[in-house]
Amino acid sequence: MIVSWNWLKQYVRLDMSLEELERRLTMSGLNHEGTEEISGDLAIDLEVTSNRPDCLGYLGVAREIAVLWGHELKTPPANAAEGRPPVGDLLKVRIDCPELCCRYTARVIRGVKVGPSPRWMARRLETVGLTPINNVVDISNYVLMECGQPLHTFDFAKLKGAEIIVRQPRPGEAIEAIDHKTYDLEPGMCIIADAEDAVAIGGVMGGAVTEISDATTDLLIEAAEFDPVSIRNTARRLNLHSDSSYRFERGVDSEAIDWASRRCCELILELAGGELCEGVLDVGPQPSPREPIVLRLAQLPRVLGIDVPAEEVRKILTDLGVSEIRAGAEKIEVVPPGWRRDLTREIDLVEEVGRIHGYDQIPEDVGVPMVSSTRTREDRVLAKVRHVLTASGFDEAMTLSVVDERLSESFSPWTDAEPLRSLTPVLRGADRLRRSLVPSLLAARRTNEALANPEIELFEIAKVYLPQGEKLPAEELMLGITSGREFSAVKGVVEATVAALNPAIKLEAANDDYNLLDPESSCQLKLDGELFAYVGRLRNDGLKQFDLRMPTTVAEVSLSTLVKAAALVPRHVAQPPYPAMTRDLNLVVDEAVRWADVAATVRANCGQYFESLRYCDTYRDPDRLGPDKKSLLMTIVLRWKEGTMTGEEADRIRDQIVAACRRTHGAELR
528 MIVSWNWLKQ YVRLDMSLEE LERRLTMSGL NHEGTEEISG DLAIDLEVTS NRPDCLGYLG
588 VAREIAVLWG HELKTPPANA AEGRPPVGDL LKVRIDCPEL CCRYTARVIR GVKVGPSPRW
648 MARRLETVGL TPINNVVDIS NYVLMECGQP LHTFDFAKLK GAEIIVRQPR PGEAIEAIDH
708 KTYDLEPGMC IIADAEDAVA IGGVMGGAVT EISDATTDLL IEAAEFDPVS IRNTARRLNL
768 HSDSSYRFER GVDSEAIDWA SRRCCELILE LAGGELCEGV LDVGPQPSPR EPIVLRLAQL
828 PRVLGIDVPA EEVRKILTDL GVSEIRAGAE KIEVVPPGWR RDLTREIDLV EEVGRIHGYD
888 QIPEDVGVPM VSSTRTREDR VLAKVRHVLT ASGFDEAMTL SVVDERLSES FSPWTDAEPL
948 RSLTPVLRGA DRLRRSLVPS LLAARRTNEA LANPEIELFE IAKVYLPQGE KLPAEELMLG
1008 ITSGREFSAV KGVVEATVAA LNPAIKLEAA NDDYNLLDPE SSCQLKLDGE LFAYVGRLRN
1068 DGLKQFDLRM PTTVAEVSLS TLVKAAALVP RHVAQPPYPA MTRDLNLVVD EAVRWADVAA
1128 TVRANCGQYF ESLRYCDTYR DPDRLGPDKK SLLMTIVLRW KEGTMTGEEA DRIRDQIVAA
1188 CRRTHGAELR
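Under our numbering, the very last position in the sequence shown is 1197; numbers go up by exactly one each time.
These are calculated hints, taken from the structure and not from any lab test. Please read these numbers as outputs of a predicted model, since none were measured by experiment. C-beta atoms are modelled at their ideal positions from N, C-alpha and C, and glycine is treated no differently. You may find that some hints are simply not true.
Computed cross-link-like contacts, BS3-like style, restricted to lysine-lysine with a CA-CA straight-line distance of at most 30 angstroms [what the hints assert, rightly or not]:
# : residue 1 : residue 2
1 : 1091      : 911
2 : 619       : 536
3 : 1033      : 1071
Have a look at the derived ranges for each label pair, beta carbon to beta carbon [to be verified]:
# : residue 1 : residue 2 : range
4 : 760       : 819       : 22 to 28 angstroms
5 : 1186      : 1026      : 43 to 49 angstroms
6 : 1023      : 699       : 54 to 60 angstroms
7 : 830       : 1053      : 47 to 53 angstroms
8 : 1026      : 931       : 33 to 39 angstroms
9 : 905       : 860       : 32 to 38 angstroms
When you get a sec, could you build the whole thing from the sequences and use the hints?
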């Protein structure tokens, strides 16, 4: 925001030095970027943060100065004398897309004389970088800079049908803007149209057909409120940014729309003549009352570390435009003004008092009471996950949330829906929100292989974005893993991670059909019948797809599910007083039989004596075992809670397991 010193003096007394002004504005939150002398004036460049759009106008900056120095703020009255006929007899206004434009006001002035602006106005606009055009256009820009509310003036005679329609564009519709470039319009944009065609891109730029010229005599003055997200998207899609779009993107003061319209009319009548028609067409709901905020005075020393007198607190808030509802010895209840949308909580009021009172008034060694915050459930779960993975030899990676089309299409196990696309790529071609962490980790693995790093064991904890039609995407927290270890080892790491959070969780293994993974060394892991994770070794064509040379295993776990299922309170479990018995089994089964199915049969036939089952190895030898056969080696741990098991009892259970596996899976004891 560039501010003219001479222009600013119209609204507040500037009896301080330039250096003092720059220093105190910086201390209060308007960072000083630089000052330049232009034609006997000073152009002061202030950085305005996105939460303070009220300071994108001179009145907002003047208000800050008035509060800091205790001066009077001089706001122009905006009194425009009205004539005849009523504006409703000349014009109709209709909003067909209230989600894009919630409010639209229109006034009409007839009989104006378009010409050059007076020198004082031209100089002020030139100081802030605006080129004078003519008195009418310059007045709309002048009021925009004055209060931060964008306006637009149409040549009323060029509007067809004496009607303004706020709508979305028709298929294939285009418009020539006042920069005399043609723009193709898309759904979701807000268009200002007459009875036939688009005449302006709402909140961004007017159209060439209805722009003000020397022949213009009748004006329509627009003051409206547009959806900030819509304006931001439109400006980016069209690569068309303006002073108006910059302010609409950050939100305007709903309560000042009519003031800005009247102020514009007042200046036009003064500098261009004409007669203002009676009344205003104001379409859309009026601003809703702001919710009151209670400020407890005890919060000031607790947060700031110093006491601020109650009377000074009340004066600061009142000078800032806050309306006081009631005040007591312990608290003050207020309603923030329309131009301060950032004031919604008690802590916001504490910050306002602190910055106006002066942060330099707070001693460096002041004691501020601190209370440690409680870690959320998610924080505690993620800490345990990171502990298990780093203890297992993995390093944490961080990759971008957007990927290019090739990576996005390479692997998407959680959804088949098309990914969400960003209008502005973060990197060249990277414009798709990722649906899986695995492609990003495989790309990181490729980079590490190219650098000849010997060990590439990576994990990442981040969100994926799963499309849900017209709704916002489901942001699911995931754990992604890429490793050079065998499938069984990575599966063991996933199971160890789950066991560290809740030993009672029982995961079920199931077949998968992911094209990227080897079906003989991959599986889905399900929790209560729902997909919870998958683990698998990349096929040879998968390695080629990602330009990888070494064998690679990947996994992805739904941490959102794990956060809900975690048992974070440790519980004591009494250790059994009787010794355990172990038995090794080596079962020969068909190649199609899965370890998970054999393990389920083993557990089911141990009954109350089962303690644990450990997979040891898989052996294949067509000459010894036969074609399409494999041998599964496992260790079973048995224990009886009521007494000491005998060897005969353990052998009986082992034989029972072998018989059950023979019946169910056609297994033979090797």
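Hints versus structure:
Among the hinted pairs, residue 1091 with residue 911 is consistent with the structure: their alpha-carbon atoms are about 14 angstroms apart, no more than 30 angstroms. A C-alpha spacing of about 40 angstroms is found between residue 619 and residue 536, which places the hinted pair above 30 angstroms, so the restraint is violated. Of the pairs offered as hints, the one joining residue 1033 and residue 1071 is violated, with about 35 angstroms between alpha carbons and a cut-off of 30 angstroms exceeded. A hinted range of 22 to 28 angstroms for the beta carbons of residue 760 and residue 819 is inconsistent with their spacing of about 34 angstroms.
Restraint check, residue 1186 to residue 1026: a C-beta distance of roughly 30 angstroms breaks the suggested window 43 to 49 angstroms. Residue 1023 and residue 699 have their C-beta atoms about 58 angstroms apart, which keeps the hinted 54 to 60 angstroms range intact. Between residue 830 and residue 1053, the C-beta spacing of about 49 angstroms keeps the proposed range 47 to 53 angstroms intact. For residue 1026 paired with residue 931, a C-beta distance near 37 angstroms keeps the hint of 33 to 39 angstroms intact.
Restraint check, residue 905 to residue 860: a C-beta distance of roughly 35 angstroms satisfies the suggested window 32 to 38 angstroms.
Violated hints for the displayed structure, listed by number in ascending order: 2, 3, 4, 5.
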